[in-house]
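What follows is each chain in one-letter form.
4 protein chains.
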Amino acid sequence: MKLSQITDDHFKDQCGIFGVFGHAEASNLTYLGLYALQHRGQEAAGIVSSDGETLKAVRGIGLVSDVFGREETIASLIGSSAIGHVRYSTAGGSGERNVQPILIGCQRGEIAVAHNGNLVNADVLREQLESAGSIFQSSSDTEVLLHLYARARIGPVEDAIASSLLKARGAYSLLFLTQNALVAARDPMGIRPLALGRLGDAYVLSSETCAFDLIEATYIRDVAPGEVLVIDKDGLRSYFPFPKDTARHCIFEHVYFARPDSKVFGRSVLASRLEMGRRLARESPAPADVVVPVPDSGIGAALGYAEESGIAYGMGLVRNHYIGRTFIEPKQKVRSFGVRIKLNPVREVLEGKRVILIDDSIVRGTTSRKIVDLIRSAGAAEVHLRISSPPTTHPCHYGIDTPRRSELIASSQSVEEIRRRVGADSLAYLSPTALSAAVGDSHGTRHCMACFTGRYAVPVREEETIELFPLAVSR
Amino acid sequence: MKLSQITDDHFKDQCGIFGVFGHAEASNLTYLGLYALQHRGQEAAGIVSSDGETLKAVRGIGLVSDVFGREETIASLIGSSAIGHVRYSTAGGSGERNVQPILIGCQRGEIAVAHNGNLVNADVLREQLESAGSIFQSSSDTEVLLHLYARARIGPVEDAIASSLLKARGAYSLLFLTQNALVAARDPMGIRPLALGRLGDAYVLSSETCAFDLIEATYIRDVAPGEVLVIDKDGLRSYFPFPKDTARHCIFEHVYFARPDSKVFGRSVLASRLEMGRRLARESPAPADVVVPVPDSGIGAALGYAEESGIAYGMGLVRNHYIGRTFIEPKQKVRSFGVRIKLNPVREVLEGKRVILIDDSIVRGTTSRKIVDLIRSAGAAEVHLRISSPPTTHPCHYGIDTPRRSELIASSQSVEEIRRRVGADSLAYLSPTALSAAVGDSHGTRHCMACFTGRYAVPVREEETIELFPLAVSR
Amino acid sequence: MKLSQITDDHFKDQCGIFGVFGHAEASNLTYLGLYALQHRGQEAAGIVSSDGETLKAVRGIGLVSDVFGREETIASLIGSSAIGHVRYSTAGGSGERNVQPILIGCQRGEIAVAHNGNLVNADVLREQLESAGSIFQSSSDTEVLLHLYARARIGPVEDAIASSLLKARGAYSLLFLTQNALVAARDPMGIRPLALGRLGDAYVLSSETCAFDLIEATYIRDVAPGEVLVIDKDGLRSYFPFPKDTARHCIFEHVYFARPDSKVFGRSVLASRLEMGRRLARESPAPADVVVPVPDSGIGAALGYAEESGIAYGMGLVRNHYIGRTFIEPKQKVRSFGVRIKLNPVREVLEGKRVILIDDSIVRGTTSRKIVDLIRSAGAAEVHLRISSPPTTHPCHYGIDTPRRSELIASSQSVEEIRRRVGADSLAYLSPTALSAAVGDSHGTRHCMACFTGRYAVPVREEETIELFPLAVSR
Amino acid sequence: MKLSQITDDHFKDQCGIFGVFGHAEASNLTYLGLYALQHRGQEAAGIVSSDGETLKAVRGIGLVSDVFGREETIASLIGSSAIGHVRYSTAGGSGERNVQPILIGCQRGEIAVAHNGNLVNADVLREQLESAGSIFQSSSDTEVLLHLYARARIGPVEDAIASSLLKARGAYSLLFLTQNALVAARDPMGIRPLALGRLGDAYVLSSETCAFDLIEATYIRDVAPGEVLVIDKDGLRSYFPFPKDTARHCIFEHVYFARPDSKVFGRSVLASRLEMGRRLARESPAPADVVVPVPDSGIGAALGYAEESGIAYGMGLVRNHYIGRTFIEPKQKVRSFGVRIKLNPVREVLEGKRVILIDDSIVRGTTSRKIVDLIRSAGAAEVHLRISSPPTTHPCHYGIDTPRRSELIASSQSVEEIRRRVGADSLAYLSPTALSAAVGDSHGTRHCMACFTGRYAVPVREEETIELFPLAVSR
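Protein chains in written order, with the numbering used here: chain A, 1 to 475; chain B, 476 to 950; chain C, 951 to 1425; chain D, 1426 to 1900.
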């Protein structure tokens, strides 16, 4: 079975995107960029490059190193601009048909797109497009954008893209590649991240800045919420076709998704996590001997908690990183089997100790129960579970793979009930206010916290009919 | 390198198609059917099945036994109806994107299509469709049909299909699969073959009847030129939406493409080939000791020639069938290397003999030269080359992969020049009249012979603009 | 399941071997040679090359084109001498451990061996070698020879090889490769074939001459029964260490194993098969309309039968050559399923006809039954089955995969019983005398016919103890 | 290229071994055990199981999850006992031939062996065995042991094994599997680790205890230095055939090889590393703002250093764990390319800080230079490199892959020279005395420290001739 099914209980980011314009090794850099973004999606990867005349695509199921493991593969992706995509396949998704970037031909020529996010009105738009005669080859919401683009009859590429995006609602950080241009776009609330960098004369774009570090590119700024950024031989040009909106960055990027060495939304992820840990220590202290993170995602907060509380930080759980993507279970199941494949407790750190266990979130609660059991099996005297975010009570509709609401343990159970369920001696979550503060929102939030609050930044299903024709773009 | 590039010099059929409606093992039977049609396309294979609710697709590069080599693969194609496709990839084709059946969603729901043939006005239609906002994911002419279908707003499936086909010009035998119906269609001239059969209560369709034999289905009749045949829970229904036209079956199916054990266009292929050989013997006799076919395609005609001439039939060339699809050449090339991989002369049959060598066609002439050399290298005293069809002077536009005209040796050289080029002692082709007669056309031809005559059944590029909207269907 | 299990009922040759000495492209030529010998073993392939210092090996499960499908693979086999092996894996064989050539190190340095044949006293030798402390990594009889070789303490390589072979009983054509020499050896009765050829300054060795044809090498002569032939920088040297014995070539090479375009034991295989057919026609005529071979192995005899009888030769069964090595059966089995995958009857040839069906042998009888059924299903009026060899009543112990005696239908049933079992109107086998004559034995046989007669050339199990030490070699 | 070549500069453990006796899921547990030991060898993996009658083997190149990724594979390894092996392939090693466990047949029946360690007199023994007629199929030192075993004519399995081991010199932890018994053995000085555990009624053996944790087995004790431990249906039996010797456990297991959550030589690895860090802080303090480990191997010592020094522990380098085994480099190399693939600095932690960087060892120094550069590139004010072991000046001959002496930077350069070479502001190593103390040796060492001192526990090449016959075993 899939290893993630037996060992992991997290919200899953659905995608990472990366792009290059104006570099002789565009596809190789994109490959490296995707490699650095691999944690954002391990099920499929793809790159489309342009040599100024045609677009070439390689896409496949597997890790970046599987899909692009042979030098000929990268070498076939000729040209000085490229975009790439890594994808976490949602349950029930339809395999190869949905691997991005999507590449199509239309009256404007060839275009490819890589999308991080989710359009909440994709169904409505698809219905209308189908009524107008469009055919769909994938079940992806992203394909809708290309149909809208293809129907925008006139004007330059940025107008066609803007006119498409004006019809879409939801979360999107997008990279479009045409023969001659790379266009980046971000939804008006900036829900998903997208950073702009520079490498010599070339421009690079990435979901997270850790990809810039790998190729020694310099971070310039984020693509702004609502910005359509065109990069072509004439340089950069910015357009803001949308009405001004409030920023609503996905706070879970700081809580769990992004790598600690990345900046997202202009802020260091590790700095946020350390601060979450410090504030968690202040809000929910516990008399204890050691602060132990659930690696790797709990490490930042645990360091912050230890620092603030003065309690020693201990490596009480060791993670096995040599994991394939599938796993054969023994028939005669051992008790806490799944989680032991990935985590092993260290008796020397835990035995006889009062342990503060730090994790970033509890989704269904099943894995947390197993981890608490592990800690106790190694002789811990007490286990105080501290979560560096508030209870996750609502699913996400903006490009994150979350279970339905009924499966979210915190949607129906109190903290005390959850504590009993996971078997901890005490349980505390970080407050929404403290979380906001930890990510740098001192006065009013700039972040989407819908998964904790149910207050969705974008209404999830609008019954309005969007007028597809004619298309009008304000520049 | 590709083995076919070094050993073969034939026109190549581009596709074989197969379908089943109403059988519990629909996808398994389709797999078997494609297996029997493998000679019609070895580069890619695919099957789409329907369980009455959704359509499932498996497509891949390789032989049928590569793509469907695991039981789980077939098992995943649930449902009681299915269509399949084998494909010979044309040079420069764009890989996985073009593997059929194509499967899309549109306002009418999901539909898949498998196509044998070629639309001569696909470019014109694509341009118009793109102007109307359509996007194309493949470079295949077939995708055009699905766009036309998706834009047909009203009426039952057969009307939508008919309205699409009314806009298309060219050669097509088509199988469409929807949730609930299997629709077969053939162009008004019946250029490419398509046969209807029965297996218990189920209906089956196939490019050639040899696929029926394998699954012990019974041949009923050909789908008629211009017929749109709907198979659903209510049984068979036929429509003839096109103006009546003259039949123009591809005569090369009898000359080379089809398996000798198949019926195409209602006639036994082996019977045709035997008769070609007999007529060739009458038209172009030669004093000789042995009649030797170029295996496997020359065997039928050679048997006919031997029978008619009274000269002994001999197995002077043996073919190696254990061939992969690629081959590593020795650097230090042997003289007739390529062809020896596939063919080896038998000295005992050839030494000191006057040989009549029978082949079905000469395309570029390079392989023929090597084969004549082979025969001589085994000691033949004379080599009289006899071709069981007329000189191929024109490329095909109806779904056959042919070189451009300038590469066809007979387009610019006389028979005597070709004889010298291939190094034969004498060379003769079958006359067009004799070929017509050999395939059963006694009074006026029912076959397309454009590759021999340049008289194309369908004009190749029309400058007319086809009116896409509105759609009108005559039933 | 394995395709051969459902479609084939033949004795199977277990191996083909090929070697080159003194050619810059030794491993590439060996690859080509194995390719030409692929019909002798489709389960595994291997090549070992020598660059004068060390030996390199590549071995794998699969066809030659699978194992050596990448240029790097051949390129890694550096050096100017090489030996190769193709293998038909016996049922229950132990996989990768038994793939040849075997390569070992010992006091004499590295040596590799490729073996066609079988040692009847391998068990006895293995027992003794194990008693003397030898360890075995494979279950192959061939490994015994290397142990004997390694224990031969003194003298040149030919002495060590000869001393090993003097202890072995059975059938063997062998190629040994050391750093500096290629040594060919053949058992004293010459049971299995081995031919010597020349390509420029290089020497080549092959089970069949068809491999010479492919690389344009010239056949010189067979390695003689009992000959140990050393090829090194000083040229060829022959040794005959064995007492003189009578030749006992495997007659089944002419009946079925070898390619018709090969010479084995110095005689054209096709010539033998034609003659088998002619003599079969004289011994067992039948009033009929058409002579139909079971392709491909029955073609030669059918042509001979047709020639002699004056009855027309007809292509009544067509073979599908696009076969993978495994096959997924439909659950709802069709009657004659297995055989139809490979063979399809042609109604035009068979309908209403009295058919003489020519096959080379009947082993279990099950496939013959299905083929007779096929012929009848296509409308044949009568089926007269003629077999171009005598009834196979005994298993082979000299390197051929045969079922145990009880499974051989002719070991327990009369010709009339077999006729009824396979459903033919009449059945006749070629007489042993005629078969002998057909392969050129006019006065007394030079061939082993144990599978027809039970008179084994080499006693199958000797209870004698072979003295392993000391080793004495007569030169 | 191989990723490890561009990012890693460590001594490499060559193997991990695991065994089970008496459990219905023996091969599945072995698979899990190898999975937990994957860090000890990533190039190849193998399992041999016994069902009491025959031994079955599966071995292959790749990670455990690659070689055993399909349920059928494990399922084919039937039986209630099994042994397994993971291997780090040494440069120039000869591929598939050397994958363990080795499985052979001999006069005593079948036996398999899995070996962690290295025999220093393997060459001498091999020469003698070859002189006595043995043949070798691998270049592995381990094969020697099986030859010795096979030549031990009499007595029970433990005698045969003991008599073999008495001839071998060097480091070995071994698992032998026969039809009916699992035998564990360890060299007289106990150089490499081997632990015994219990799972229900079954016994398990493993290089490290982390494998016991995964399957919820209980650690009983280490196999003692010089112990031959037989496990069969009668339970456990211990033999001590060797003269008593001093323990010389490989101290590098604590420094780097073993997982921190393992016990080796009866002591917690994490406890050792924390203590190394503490003692390093006492021996070599530095005025600094943050203690940063090179992950993952430096984490334990860094935590100890931070604790002892009172300086904050910081996550200044983040490791990317989604790595394949090969990597395509950009042509236009970035400065610190290799190491960035695996490590990324976190500016927030490092900028303007005086950093104490903790690593476990410096081998060639090239990677250390790159890491110091990385730290500086993120703005560190000072970099004080602290190494939690003494300078590595000598290669290992006991089963560890180390460069030759001349490549070890500390063999020819002073600490100050190395400091300049790696570009640190200061550099200090842990003293040998402190290291000894950190692994629990308070009075005189029980560990081999030859890589730091050159005082080898076992002389590396003895010119003595070992008498192979007769074999005498003292029980």
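Bear in mind the hints are in silico, worked out from the structure with no lab data behind them. Just so you know, not all the hints are guaranteed correct.
[Claimed, not checked] For the chain D half of the interface with chain C, some residues (derived, Cβ under 7 Å), not all of them:
id : residue
1  : 1529
2  : 1530
3  : 1558
4  : 1562
5  : 1571
6  : 1575
7  : 1576
8  : 1836
9  : 1838
[Unchecked claim] In the EDC-like style, the derived pairs of lysine to aspartate or glutamate whose C-alpha atoms are separated by at most 16 Å in a straight line are:
id : chain 1 : residue 1 : chain 2 : residue 2
10 : C       : 1006      : C       : 958
11 : A       : 56        : A       : 25
12 : C       : 1006      : D       : 1521
13 : D       : 1481      : C       : 1022
14 : A       : 56        : B       : 585
15 : D       : 1658      : D       : 1478
16 : B       : 708       : B       : 571
17 : C       : 1194      : C       : 1182
18 : B       : 531       : B       : 585
19 : A       : 233       : A       : 201
20 : B       : 531       : B       : 697
21 : B       : 531       : A       : 201
Ideal Cβ placement from N, Cα and C applies to all residues, glycine included.
Results of checking the hints against the structure:
1. With a least beta-carbon distance of about 4 Å to chain C, the hint placing residue 1529 of chain D at the interface is held under the 7 Å criterion.
2. Interface hint at residue 1530 of chain D: satisfied, since its Cβ lies 4 Å from the closest Cβ of chain C, which is below the 7 Å cut-off.
3. With a cut of 7 Å, the hint placing residue 1558 of chain D at the interface with chain C holds, because the nearest CB-to-CB distance is about 4 Å.
4. The interface hint given for residue 1562 of chain D holds, since its Cβ lies 5 Å from the closest Cβ of chain C, which is under the 7 Å cut-off.
5. Among the interface hints, the one on residue 1571 of chain D holds; its C-beta lies about 5 Å from the nearest C-beta in chain C, closer than the 7 Å criterion.
6. Interface restraint check: residue 1575 of chain D against chain C, minimum CB-CB distance 4 Å, threshold 7 Å, status holds.
7. Evaluation of the residue 1576 of chain D hint against chain C yields a held restraint, the C-beta minimum of about 3 Å falling below 7 Å.
8. Annotation: interface hint on residue 1836 of chain D violated; nearest CB of chain C at approximately 31 Å, more than 7 Å.
9. With a cut of 7 Å, the hint placing residue 1838 of chain D at the interface with chain C is violated, because the nearest CB-to-CB distance is about 36 Å.
10. With a CA separation close to 36 Å, the supplied pair residue 1006 of chain C and residue 958 of chain C exceeds the 16 Å bound.
11. The straight-line distance between the Cα atoms of residue 56 of chain A and residue 25 of chain A is roughly 14 Å, inside the 16 Å bound, and the hint therefore holds.
12. About 12 Å separates the Cα atoms of residue 1006 of chain C and residue 1521 of chain D, which keeps this hinted pair within 16 Å; it holds.
13. Simply put, residue 1481 of chain D and residue 1022 of chain C have alpha-carbon atoms about 32 Å apart, too far for the 16 Å limit, and the pair is violated.
14. Distance check on the hinted pair: residue 56 of chain A and residue 585 of chain B sit about 28 Å apart at the alpha-carbon level, beyond 16 Å; violated.
15. Of the pairs offered as hints, the one joining residue 1658 of chain D and residue 1478 of chain D holds, with about 14 Å between alpha carbons and a cut-off of 16 Å not exceeded.
16. Between the alpha carbons of residue 708 of chain B and residue 571 of chain B the distance comes to roughly 33 Å, so the proposed pair goes past 16 Å and is violated.
17. Simply put, residue 1194 of chain C and residue 1182 of chain C have alpha-carbon atoms about 26 Å apart, too far for the 16 Å limit, and the pair is violated.
18. The straight-line distance between the Cα atoms of residue 531 of chain B and residue 585 of chain B is roughly 10 Å, inside the 16 Å bound, and the hint therefore holds.
19. In summary, the hint linking residue 233 of chain A to residue 201 of chain A is supported, as the alpha carbons are separated by about 11 Å, within the 16 Å threshold.
20. Note on residue 531 of chain B and residue 697 of chain B: the hinted pairing is violated, with a Cα-Cα distance of about 28 Å set against a maximum of 16 Å.
21. Taken as a hint, the residue 531 of chain B and residue 201 of chain A pair is broken in the structure, with Cα atoms around 46 Å apart against an allowance of 16 Å.
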